[in-house]
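There are 2 protein chains.
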Amino acid sequence: MKRQFGPTNAMYPQPIILISTISKEGKDNIMTAAWTTNAGRDNSSIAISIGGDKLSFRNILQTKDFVINIPGTDLLGQSDFCGQNPGEEIDKFSLTGLTPLESVLIRSKMVKECPINIECRLKETFKVDSANLIIGQAVKVHIDEKILEEGLIDFNRFKPMVYAQKTYFSLGEELGKRGLSQK
Amino acid sequence: MKRQFGPTNAMYPQPIILISTISKEGKDNIMTAAWTTNAGRDNSSIAISIGGDKLSFRNILQTKDFVINIPGTDLLGQSDFCGQNPGEEIDKFSLTGLTPLESVLIRSKMVKECPINIECRLKETFKVDSANLIIGQAVKVHIDEKILEEGLIDFNRFKPMVYAQKTYFSLGEELGKRGLSQK
Chain A
1 MKRQFGPTNA MYPQPIILIS TISKEGKDNI MTAAWTTNAG RDNSSIAISI
51 GGDKLSFRNI LQTKDFVINI PGTDLLGQSD FCGQNPGEEI DKFSLTGLTP
101 LESVLIRSKM VKECPINIEC RLKETFKVDS ANLIIGQAVK VHIDEKILEE
151 GLIDFNRFKP MVYAQKTYFS LGEELGKRGL SQK
Chain B
1 MKRQFGPTNA MYPQPIILIS TISKEGKDNI MTAAWTTNAG RDNSSIAISI
51 GGDKLSFRNI LQTKDFVINI PGTDLLGQSD FCGQNPGEEI DKFSLTGLTP
101 LESVLIRSKM VKECPINIEC RLKETFKVDS ANLIIGQAVK VHIDEKILEE
151 GLIDFNRFKP MVYAQKTYFS LGEELGKRGL SQK
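Heads up: the sequence lines are chains A and B, in that order.
Residue numbering for the first sequence is 1 to 183, as defined by our numbering.
Residue numbering for the second sequence is 1 to 183, as defined by our numbering.
What the hints contain is simulated information worked out from the structure, not anything from laboratory work.
One or more hints might be untrue.
[What the hints assert, rightly or not] Take a look, some chain B residues computed to stay more than 10 angstroms from chain A by CB distance:
#1 G26
#2 P100
#3 K140
[Stated by the list, open to error] With a straight-line Cα cutoff of 27 angstroms, these simulated DSS-like cross-link-like pairs (lysine-lysine) come out:
#4 A:K112 <-> A:K123
#5 A:K140 <-> B:K127
#6 B:K159 <-> A:K183
#7 A:K159 <-> B:K54
#8 B:K166 <-> A:K177
#9 B:K166 <-> B:K112
#10 B:K140 <-> B:K54
[What the hints assert, rightly or not] So the derived label-pair ranges between C-beta atoms look like this:
#11 B:G97 <-> A:R178: 17 to 25 angstroms
#12 A:D154 <-> B:K146: 29 to 37 angstroms
#13 A:E173 <-> B:G97: 42 to 50 angstroms
#14 A:Q84 <-> B:K146: 28 to 36 angstroms
#15 B:E173 <-> A:V104: 29 to 37 angstroms
In this text, all values refer to a predicted model and were calculated from it rather than measured experimentally.
All C-beta atoms in this analysis are idealised placements derived from N, C-alpha and C, irrespective of residue type, glycine included.
Modelling step: build the complete structure from the supplied sequences, incorporating the hints.
Quick look at the structure:
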């Protein structure tokens with residue numbers, strides 16, 4: 001028996017990412033997000049939903065770039081902090097102890113402690129409800145050698161966080177590879 | 001030390017969902033997807049990236065609706081099958097043994113065996129690279145009483161699947177609630 005609810009956000013689970021941006025005056029910021037997805041194959045586009053009132057949104061419009069940093073479970077506390085506190089008055093890098101690292105192709109800096117960093121250039125923005133769907137194009141991807149095995153990510157070594165119903169989870173056990181039903 | 005890659009899809013992990021649609025002639029289909037996210041708060045909008053060549057995309061354009069069904073790990077084989085086989089020539093409901101269930105507000109049917117079903121009306125589509133970002137508005141959400149505890153989903157009873165690098169994973173252990181850094 002199922003219970004019926006009205007319109008509600010019930011898409012679970014989602015990835016936890018850190019979005020790092022820089023203002024035109026050069027002030028870095030980090031924002032935590034979960035409403036994000038790969039969006040296009042041929043140009044490696046990524047979509048992120050961000051409220052229009054967010055500092056990160058204004059920064060992205062100014063500099064036309066941002067970095068998607070994927071934290072491991074060891075960055076749980078820092079990731080939560082960057083999602084709970086607006087960046088206008090504070091320096092989230094220094095308060096969390098996270099390290100800003102120069103990107104290769106864009107102005108926004110990477111979060112060094114995250115094993116995956118995706119340098120993105122802003123492609124376009126779409127309005128959805130009162131939020132903005134930011135479309136970024138991945139232009140350079142950095143992956144820590146420690147989590148790579150023959151060019152692929154080893155999820156026994158890298159544990160990304162998964163978010164559902166305002167709760168952080170770890171990634172669970174491997175169930176099988178795509179195509180398992182065809183064998 | 002990090003290794004540099006060119007543009008590549010590296011957003012991990014993503015949720016596994018089943019999208020059920022119906023053609024204007026009344027033929028049901030199920031497609032598996034992972035590139036999806038909540039997109040807007042006030043109208044509970046959802047974004048899904050779908051290739052323009054997909055039957056599900058054509059169905060959605062025809063009927064202007066679709067259902068997002070969230071499977072548990074017990075539907076691993078069926079979920080993989082629906083992602084591996086195009087629906088033009090086959091009936092995925094009968095081949096997988098999944099049960100089509102009438103929706104309340106829309107024409108596309110729900111997948112009964114999935115503990116969460118989100119009836120969505122098509123709001124708009126945006127072109128991103130060669131894919132299409134489908135924006136749906138959740139109009140009715142169905143959640144199995146068995147996974148609910150005081151109106152919230154209990155992720156000890158419902159185990160959604162998480163997808164990363166062409167591999168299915170279970171949801172891992174709970175790490176903490178949003179706001180944990182503020183305590």
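Structure-based check of all given hints:
1. G26: holds (24 angstroms)
2. P100: holds (15 angstroms)
3. K140: violated (6 angstroms)
4. A:K112 <-> A:K123: holds (24 angstroms)
5. A:K140 <-> B:K127: holds (22 angstroms)
6. B:K159 <-> A:K183: Status holds; Cα separation ~24 angstroms.
7. A:K159 <-> B:K54: Violated: A:K159 and B:K54 sit about 33 angstroms apart, past 27 angstroms.
8. B:K166 <-> A:K177: holds (6 angstroms)
9. B:K166 <-> B:K112: Judged against 27 angstroms, a Cα distance of about 26 angstroms means the pair holds.
10. B:K140 <-> B:K54: Judged against 27 angstroms, a Cα distance of about 25 angstroms means the pair holds.
11. B:G97 <-> A:R178: 17 to 25 angstroms: holds (21 angstroms)
12. A:D154 <-> B:K146: 29 to 37 angstroms: Holds: the Cβ-Cβ distance is about 35 angstroms, inside 29 to 37 angstroms.
13. A:E173 <-> B:G97: 42 to 50 angstroms: violated (25 angstroms)
14. A:Q84 <-> B:K146: 28 to 36 angstroms: At roughly 33 angstroms between Cβ atoms, B:K146 and A:Q84 fall inside 28 to 36 angstroms, so the hint holds.
15. B:E173 <-> A:V104: 29 to 37 angstroms: holds (36 angstroms)
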